[in-house]
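Listed below, chain by chain, are the residues.
Protein chains: 2
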Amino acid sequence: MKRPDDEIDDNENPVIIAGFGRFGQIIGRVLRMRRISFTALEGSVAQVDFVRRFGNKVYYGDASRLEVLQAAGAARAEVFVLALDDVDASVRTADLVRRHFPNLKIMARARNRQHALRLMDIGVRYFIRETYLSSLDLAQHTLEALGLTRADAIESIRRFDAHDRKQLQAQREIRDDEQKLIQSAQQAARELEQLFEADTTTEGAEEQRRAQAS
Amino acid sequence: MKRPDDEIDDNENPVIIAGFGRFGQIIGRVLRMRRISFTALEGSVAQVDFVRRFGNKVYYGDASRLEVLQAAGAARAEVFVLALDDVDASVRTADLVRRHFPNLKIMARARNRQHALRLMDIGVRYFIRETYLSSLDLAQHTLEALGLTRADAIESIRRFDAHDRKQLQAQREIRDDEQKLIQSAQQAARELEQLFEADTTTEGAEEQRRAQAS
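Heads up: the protein sequence lines correspond to chains A and B, in order. Sequence positions in the first sequence follow numbering that gives the first Met the number 0 and run 0 to 213. Sequence positions in the second sequence follow numbering that gives the first Met the number 0 and run 0 to 213.
Think of the hints as simulated: they come from the structure by calculation, not from any bench. Incorrect hints may appear among the rest.
What the hints assert, rightly or not - Under the rule of at most 30 Å between Cα atoms (straight-line distance), these lysine-lysine pairs were calculated in the DSBU-like manner:
no. : chain 1 : residue 1 : chain 2 : residue 2
1   : B       : 1         : A       : 56
2   : B       : 179       : B       : 165
3   : B       : 179       : A       : 56
Let's have the full structure, built from the sequences with the hints guiding it.
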């Protein structure tokens with residue numbers, strides 16, 4: 000049983016958010032804080048009814064359909080936040096937006112590396128892997144719980160992050176070759192270890208001793 | 000058809016990672032970079048076989064069972080990274096670790112607010128909602144794409160984050176009362192808007208004064 004799409008009477012907003020689950024809602028709350036208006040589209044009836052009870056204005060509709068995007072004002076909006084959790088629907092929607100509304104800046108949630116690579120191909124302006132930054136945060140707190148100073152832990156994460164994003168770019172060419180992906184991952188791990196060692200050696204043994212003593 | 004648990008021959012490591020999917024693996028790679036050894040437990044046979052092909056040392060086993068935790072060296076480890084994606088298994092495991100290995104510091108991945116509240120009750124040392132930081136990052140980039148300066152966007156996110164974490168603490172008492180949760184969410188939204196307005200007014204005046212003086 001499918002409910003018909005909602006009529007969208009709110010299509011002059013600078014931002015469209017596709018997917019209003021735990022990811023899209025946070026973005027909506029930040030925009031509301033700054034009094035920036037947005038049109039939210041959500042493909043699950045239950046989710047629409049739930050978030051409406053919390054005072055949100057959100058429309059039931061499938062963002063991967065052109066007529067829904069048109070009704071939401073995609074031709075006039077500035078930013079399209081692609082926060083769908085389904086990978087295929089996300090890729091389909093990104094592709095549709097790029098072809099029909101090339102001026103709309105797409106900011107995308109990616110499920111994993113493979114999804115991120117597909118979004119890169121389509122030419123989305125910016126993407127972030129959905130659990131990536133929280134896992135880095137937990138890694139930082141793990142390092143601190145093991146006795147590293149906060150500054151040392153933060154610097155470790157910064158370096159890992161820079162290396163990982165570079166590696167993701169490099170994986171674009173070899174993505175369909177598992178053997179090469181394995182080699183690339185192993186090489187990246189070695190590079191990271193070496194990068195760190197080279198650096199701690201030059202930074203001086205004194206600092207290391209102090210860090211270990213504390 | 001269930002494969003028997005792996006024999007764990009690697010149980011003197013300072014860190015145990017429960018759940019070696021996209022979340023746990025990032026933490027494992029950061030630890031490896033810093034040459035900190037860990038024991039990884041994963042409950043999906045397919046996932047174990049897959050990540051092993053990339054050179055990872057990971058054991059097939061259910062982290063919510065006491066004998067598996069004992070075999071993994073929970074009595075001697077310092078930090079327990081709880082990176083399971085299943086909410087109930089995560090809560091069961093956290094509870095087991097707290098009761099049997101009270102000295103082990105638990106760093107946990109939470110699926111959403113409700114999961115986070117349950118982990119707080121059990122007394123985990125630190126938790127982070129799994130998509131929270133990436134959604135804040137996408138919100139920041141959305142603000143920048145709309146023309147805000149990077150500094151302004153970063154400050155907006157910092158303020159939202161501080162408010163949201165405080166709100167999460169406050170929701171502990173009213174979590175089972177949907178009507179009160181709705182009121183609390185709406186009040187939080189109003190507070191955030193007001194916080195920002197009050198502040199931009201004073202900051203604006205301050206900045207103007209400084210500009211005139213210089």
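Quick rundown of the hints versus the structure:
no. : hint            : in the structure
1   : 1/B <-> 56/A    : 47 Å, violated
2   : 179/B <-> 165/B : 16 Å, holds
3   : 179/B <-> 56/A  : 20 Å, holds
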